[in-house]
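Q: One letter stands for each residue in the lines below.
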Amino acid sequence: MIKRFLRWMPNFWALLFLAVPVMGVATFVLADRYNIWLPRDVSEHGRTIDQLFYFILYLTGVVFIVTEVVLFYFAWKYEAKQNTKPVEFSHGSHSLEVVWTILPAVTLLFIAIYQMDAWAAAKMRPPEIPFTCEVTGRQFNWDFRYPGPDNVLYTPDDIVRTDGNLYLPYGEEVLLKITSADVLHSFFLPNLRLKQDVIPGMDQKMWFRATDGGSFDIVCAELCGWGHYKMKGRIHLLKPEEYQAKLEELRQEQNTMRVAETK
Amino acid sequence: MSTVPYDHQHEAHGHAAHGHGHSPSFLSTYVFSLDHKIIGLQFLFSTLIWFIVGGMLALGVRWQLAWPWSPMPILGNLVGHAEGGQIPPETYTMLVTMHATVMIFFVIIPVLAGAFGNFLIPLMIGADDMAFPTLNMLSYWFMWPAFMVIGASFFVEGGAAQSGWTSYPPLSALFNAAPGSGTGQTLWLVGVTFVGVSSMMGSVNYMTTIIQMRAPGMTMFRLPMTIWAMFITATLQAFALPVLTAAGFMQVTDRLLGTGFFLADGATANNMAAQAGGGQPLLWQHLFWFYSHPAVYIMILPAMGMVSDMLSCFSRKPLFGYKPMVYSIAGIAGLGFIVWGHHMFVSGMNPALGLTFMVSTMMIALPSAIKTFNWLGTMWGGKIQFTTPMLFSIAFVSMFIIGGLSGIFMAATPVDIFIHDTYYIVAHFHYVLFTGTAMAVLGAIYFWFPKMFGRMMNDSWGKVHFFLTFVLMNCVFFPMHILGMRGFPRRLADPYHYDTFRDLMPLNQFMSWCAFMLVGVQIIFVINFFWSIFFGPRAGRNPWHANGLEWQAPSPPGHGNFDFQPVIYRGPYEYGSPEVDVDYYPQTQPPTGREVPPPKH
Chain A
1 MIKRFLRWMP NFWALLFLAV PVMGVATFVL ADRYNIWLPR DVSEHGRTID QLFYFILYLT
61 GVVFIVTEVV LFYFAWKYEA KQNTKPVEFS HGSHSLEVVW TILPAVTLLF IAIYQMDAWA
121 AAKMRPPEIP FTCEVTGRQF NWDFRYPGPD NVLYTPDDIV RTDGNLYLPY GEEVLLKITS
181 ADVLHSFFLP NLRLKQDVIP GMDQKMWFRA TDGGSFDIVC AELCGWGHYK MKGRIHLLKP
241 EEYQAKLEEL RQEQNTMRVA ETK
Chain B
1 MSTVPYDHQH EAHGHAAHGH GHSPSFLSTY VFSLDHKIIG LQFLFSTLIW FIVGGMLALG
61 VRWQLAWPWS PMPILGNLVG HAEGGQIPPE TYTMLVTMHA TVMIFFVIIP VLAGAFGNFL
121 IPLMIGADDM AFPTLNMLSY WFMWPAFMVI GASFFVEGGA AQSGWTSYPP LSALFNAAPG
181 SGTGQTLWLV GVTFVGVSSM MGSVNYMTTI IQMRAPGMTM FRLPMTIWAM FITATLQAFA
241 LPVLTAAGFM QVTDRLLGTG FFLADGATAN NMAAQAGGGQ PLLWQHLFWF YSHPAVYIMI
301 LPAMGMVSDM LSCFSRKPLF GYKPMVYSIA GIAGLGFIVW GHHMFVSGMN PALGLTFMVS
361 TMMIALPSAI KTFNWLGTMW GGKIQFTTPM LFSIAFVSMF IIGGLSGIFM AATPVDIFIH
421 DTYYIVAHFH YVLFTGTAMA VLGAIYFWFP KMFGRMMNDS WGKVHFFLTF VLMNCVFFPM
481 HILGMRGFPR RLADPYHYDT FRDLMPLNQF MSWCAFMLVG VQIIFVINFF WSIFFGPRAG
541 RNPWHANGLE WQAPSPPGHG NFDFQPVIYR GPYEYGSPEV DVDYYPQTQP PTGREVPPPK
601 H
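From first to last, the protein sequence lines are chains A and B. As numbered in the numbering used here, the first sequence has no gaps in its residue numbers, which increase by one up to the final residue, 263. As numbered in the numbering used here, the second sequence has no gaps in its residue numbers, which increase by one up to the final residue, 601.
Bound conformation, chain A alone:
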């Protein structure tokens, strides 16, 4: 039966391979329509990362479609029963191979060089401002320490929070100090296009300027033990004045707790 079907439809296999680019493109189109796509971006540098992503997506998309269609076409045209001409007895083409070596090489080198500045901006040029907050990963929670009015960490006016909620202003440059209390974690803010592994014994910096407010998930992206899945935090991006008010509220709450502890 299978053989009869394949005789009836000799190009079935070629069409199956054509389905790859068709379904591939359709999946991406549907994904966009059903919102399984890049999450909403609320940061300045996130725009750059998204643009680079789209640039590579379109470039590789064209290469993907062209190569898959060529594969289909050859499978269709040169199927043994369809192709009555003698085989092209060719061991290759030097000039063709030079072309398809140089073209991808130049393109790939261009992509690499084109992105260097975005990488440097994201990871190598921290703003010269005091730390806005210290983030500490521990199994399985995110702890936050704000420097308080003196803008210096580890002084008595620090505000320490262990409830997994991080409050930060949007529209302003933010500089975070991140570290780990135990194993590796990874501080991942999908909506800010930021990710940084958190390493015990190392203090690292992370910076961004958010462009919009809202509450978003903080995800741990590095396997950190059995409770890895529940190491969830929330980042709340507030207007600068709301942020200051929130900090004041947190400080009052902390002072009240201290008074309660003293009593």
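To be clear, the hints were calculated from the coordinates, so they are not data collected in a lab. Here the structure is a predicted model, which is why all the values come from computation and not from measurement. C-beta: ideal position from N, C-alpha, C; glycine also. Please note that the accuracy of each hint is not assured.
Computed, partial: chain B to chain A, Cβ under 7 Å [unchecked claim]:
| no. | residue |
| --- | --- |
| 1 | Leu171 |
| 2 | Ala178 |
| 3 | Thr268 |
| 4 | Met362 |
| 5 | His497 |
Pulled from the structure, derived: some chain B residues nowhere near chain A, Cβ distances all over 12 Å [as the list claims (entries may be wrong)]:
| no. | residue |
| --- | --- |
| 6 | Phe155 |
| 7 | Ala238 |
| 8 | Val397 |
| 9 | Gly454 |
Covered by chain B, according to a simulated footprint, are these stretches of chain A (three or more residues, beta-carbon under 8 Å) [said to hold, decoys possible]:
| no. | region |
| --- | --- |
| 10 | 12-26 |
| 11 | 108-118 |
| 12 | 147-157 |
| 13 | 200-208 |
Take the given structure of chain A and dock chain B to it, following the hints.
A: Relative to chain A, chain B alone:
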């Protein structure tokens, strides 16, 4: 065909060791065999069994992602320490760790190098066996301690390793960091070390055999691509593997002897402090990826070689650009040593290093592109026969295009910040290693099965198997790209704990259903495989009308492989040559002669 009489070439080395001159026992013939073909088949059967184990572990992962915390039927009570069929979070992290460990160390690497390397190298170069047959036997039997140690680790207190197949410290280096950080993690390190010892034995043997034992006329540039790929892969193994082995020993001493190679000062986990500090967790990552990135090529280059052979054979046309194909494999291997840092772009290493690794990683896409274009060039103008091995080979090319192109996103450092450790990465490496390498391996089994067992596999059922596998695997793995674009992280026992991923459950359920069916349809392959061993139609020496030297040996070849002295006159890809009036031109056929059946021994 060469008519040079069989001159007992194999007697020159190791003849006595092969047991000639007395009737060999069952043990020395099939268990502790020195014959490279038996050892290759031992590797093949072992890896197929572990492939089932790895697949079952994957089903556990897919079940949890589709229906988190609901009891898993049948398998739930079998996987690790599941209770009442439910998969607890520590078991989930064990499942992802051991799925990857089994698939990489017990399936892909040993099936490519161990099974096909062993079976094909002497046959394809015209040797009677490996250069060191006893070492060859030991390379298989050194896998058994690994099998047993890793197998036993599922049953120790705390379960098998749970720190990911990357085994990043401190999670892996501190006994109390997680349930599987105890004995299970130590056994994992011991098991991987044994695999390494086995691979090293194989590598030395392969390199020596290919350099020293080629038949007369088999120059290096007359070697089939499979052999070039095996040769370069063996070189990669030999240079990269000692680094992982050394790092593994260092991690064992951190765990057992209180050293602190990979532990920072004051390292703690679960409120317990490490005995020593002064080390650096990033050091492990550098050492681990210095091996494990080349390992990615160890897991794909032999597949590329075998696909090149199959594509040329079933296009009935010479391989397009043989020498550039060889150079591109060498290029991939060379560059493979200087790109490990792209796994560490967000690890905390000096970001300036990220720039250099970005350029080198981008450049490694180049030889891969050359290979893809050359495969397409091989199909161009041919007479393509859609046999089962050819379908798997075309699928390899089609899927490798996806896997290769998605790798460019990761090489781009700013984009990698977002997609690192998401399902985008999972999609990428499954496209390279499952829809890529596994397709090539399945195709290669269908292709060389007649040589292995002297019988043909059923082609119609092979096509059914191919069709269902091809469709389902794309349904499982392609959507992972868009999950990753949404930021969906790897290794979360319950991703829906996060608000942002809650609406992805239906898509995960679709993928999981496809994964269950994908595993299910492999039964077609298993039945076809074993049925054909006993009842398949008998194959002649050269059922595919291929050029390679192995097809001039009997099917299956006897001890010593060839019943004549092979002499090589040309490369392995002279299909459709105008010099002869058939569409193939075996390597052993003299230039002016017609093929005549080789003389009976």
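Q: Each hint: holds or not?
A: Do the hints match the structure? See the list:
The interface hint given for Leu171/B is met, as the beta carbon of that residue sits about 5 Å from the closest beta carbon of chain A, less than 7 Å. Of the supplied interface hints, the one on Ala178/B holds, with its beta-carbon coming within about 4 Å of a beta-carbon of chain A, less than 7 Å. Using the Cβ-Cβ criterion of 7 Å, the hint placing Thr268/B at the interface with chain A is satisfied: the shortest such distance is roughly 5 Å. About 4 Å separates the beta-carbon of Met362/B from the nearest beta-carbon of chain A, less than 7 Å, and the hint is met.
Hint status for His497/B relative to chain A: holds, with the closest Cβ pair at about 5 Å, below 7 Å. Annotated as non-interface, Phe155/B keeps its C-beta farther than 12 Å from every C-beta of chain A; the closest such distance is 18 Å. The claim that Ala238/B is not at the interface with chain A holds, since no C-beta of that chain comes within 12 Å of its own (minimum 28 Å). For Val397/B, the shortest C-beta to C-beta distance to chain A comes to about 6 Å, within the 12 Å cut-off, and the non-interface label is violated.
Gly454/B, annotated as away from the interface, keeps every beta carbon of chain A farther than 12 Å; the closest lies near 24 Å. Here's how the region 12-26 of chain A fares: 6 of its residues keep a CB closer than 8 Å to some CB of chain B, so the rule of at least three is met and the hint holds. Three residues within the 8 Å Cβ limit are the bar, and the region 108-118 of chain A against chain B gives 8, so the coverage statement holds. Residues of the region 147-157 of chain A lying with their CB closer than 8 Å to a CB of chain B number 0, which falls below the three-residue condition for coverage.
With 4 residues having a beta carbon nearer than 8 Å to a beta carbon of chain B, the region 200-208 of chain A meets the requirement of three or more and the stated coverage holds.
Taken one by one, the earlier hints fail for this structure at numbers 8, 12, listed in ascending order.
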